[in-house]
Amino acid sequence: AQSVTQLDSHVSVSEGTPVLLRCNYSSSYSPSLFWYVQHPNKGLQLLLKYTSAATLVKGINGFEAEFKKSETSFHLTKPSAHMSDAAEYFCVVTEAGTYKYIFGTGTRLKVLA
Amino acid sequence: NAGVTQTPKFQVLKTGQSMTLQCAQDMNHNSMYWYRQDPGMGLRLIYYSASEGTTDKGEVPNGYNVSRLNKREFSLRLESAAPSQTSVYFCASSRTERDEQFFGPGTRLTVL
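For the protein sequence lines, the chains are D and S, in the order given.
Per this note's numbering, the first sequence starts with residue 1, numbered consecutively.
Per this note's numbering, the second sequence starts with residue 1001, numbered consecutively.
These are computed hints drawn from the structure, not numbers from a lab.
Since the model is a prediction, treat every value here as computed from it, not as a measurement.
We put the beta carbon where it would ideally sit given N, CA and C, even for glycine.
One or more of the hints may lead you astray.
To be verified - Restraint-style ranges between C-beta atoms, simulated for each label pair:
#	chain 1	residue 1	chain 2	residue 2	range
1	D	Ala113	S	Ser1051	27 to 37 Å
2	S	Thr1054	D	Ser14	13 to 23 Å
3	S	Ser1051	D	Tyr29	18 to 28 Å
Said to hold, decoys possible - Within a straight-line C-alpha distance of at most 27 Å, the following computed DSS-like cross-link-like pairs (lysine-lysine) qualify:
#	chain 1	residue 1	chain 2	residue 2
4	S	Lys1057	D	Lys49
5	S	Lys1057	S	Lys1071
6	D	Lys100	S	Lys1009
7	D	Lys58	D	Lys110
8	S	Lys1071	D	Lys100
9	D	Lys68	D	Lys58
10	D	Lys68	D	Lys110
11	D	Lys100	S	Lys1014
12	S	Lys1014	D	Lys49
13	D	Lys42	S	Lys1009
14	D	Lys68	D	Lys42
15	S	Lys1009	S	Lys1057
16	D	Lys49	D	Lys110
17	D	Lys110	S	Lys1009
18	S	Lys1071	S	Lys1014
19	D	Lys42	S	Lys1057
20	D	Lys100	D	Lys42
21	S	Lys1057	D	Lys100
22	S	Lys1014	D	Lys42
Modelling step: build the complete structure from the supplied sequences, incorporating the hints.
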């Protein structure tokens, strides 16, 4: 069965420094993978998606993620954190055959001034 | 375009009361979903509707019912609320099952 693991429940970075949020998945086929962001008391917004095209995916607000099949990873990065990036981030993999979303448990990003 | 809208934003119920959460989308999407979000658990799928006229159970359907009223609207009903149903509920929609999902702002429900 498909599953997704977000390796850090909390990450703190200083403003202007790089962001790395880690996500590993397990899947017996070629999955679709997504990153969503949730700002406090808001709904989820799609940051980027991987659907078997280019392995390096660029998203909104300067975020990008690289699909590495050999490592079964889909880590989210940003070169320079901004205060407005403080939020919770969810990695999502789709279930084989049904396309249903399977969510990771989330990583809360804190950005320090 | 409003995207996905949900009503109400907040609700407090007593154990045993019933209520319906409303969801509507204006993107002409075929598929709609209901999730619940609990601390430390990500989002879990309650029910979904792949297309108008169909509904299916997700991971945690017990205690809930749904109605796909038309292509735009998908409601979630709690017939007899329990404290374990205290959660934040999100509705989502997608063009088809294979496409990315767009989420509403959520309903925060407390059951006393």
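Structure-based check of each hint:
1. D:Ala113 - S:Ser1051: 27 to 37 Å: violated (48 Å)
2. S:Thr1054 - D:Ser14: 13 to 23 Å: The hint (13 to 23 Å, Cβ to Cβ) is violated, given that Thr1054 of chain S and Ser14 of chain D are roughly 49 Å apart.
3. S:Ser1051 - D:Tyr29: 18 to 28 Å: Holds - the Cβ-Cβ distance for Ser1051 of chain S and Tyr29 of chain D, about 24 Å, lies within 18 to 28 Å.
4. S:Lys1057 - D:Lys49: Judged against 27 Å, a Cα distance of about 25 Å means the pair holds.
5. S:Lys1057 - S:Lys1071: holds (18 Å)
6. D:Lys100 - S:Lys1009: Between Lys100 of chain D and Lys1009 of chain S the Cα gap is close to 25 Å, so the pair holds against 27 Å.
7. D:Lys58 - D:Lys110: holds (22 Å)
8. S:Lys1071 - D:Lys100: Holds: Lys1071 of chain S and Lys100 of chain D sit about 19 Å apart, inside 27 Å.
9. D:Lys68 - D:Lys58: Answer holds: Lys68 of chain D to Lys58 of chain D is near 15 Å, not above 27 Å.
10. D:Lys68 - D:Lys110: holds (26 Å)
11. D:Lys100 - S:Lys1014: violated (32 Å)
12. S:Lys1014 - D:Lys49: Distance ~40 Å between Lys1014 of chain S and Lys49 of chain D Cα, so the pair is violated.
13. D:Lys42 - S:Lys1009: Roughly 11 Å between the alpha carbons, so the hint for Lys42 of chain D and Lys1009 of chain S holds.
14. D:Lys68 - D:Lys42: violated (30 Å)
15. S:Lys1009 - S:Lys1057: holds (24 Å)
16. D:Lys49 - D:Lys110: holds (23 Å)
17. D:Lys110 - S:Lys1009: At roughly 26 Å apart (the allowed maximum being 27 Å), Lys1009 of chain S and Lys110 of chain D satisfy the hint.
18. S:Lys1071 - S:Lys1014: violated (32 Å)
19. D:Lys42 - S:Lys1057: holds (25 Å)
20. D:Lys100 - D:Lys42: holds (22 Å)
21. S:Lys1057 - D:Lys100: Holds: Lys1057 of chain S and Lys100 of chain D sit about 11 Å apart, inside 27 Å.
22. S:Lys1014 - D:Lys42: holds (25 Å)
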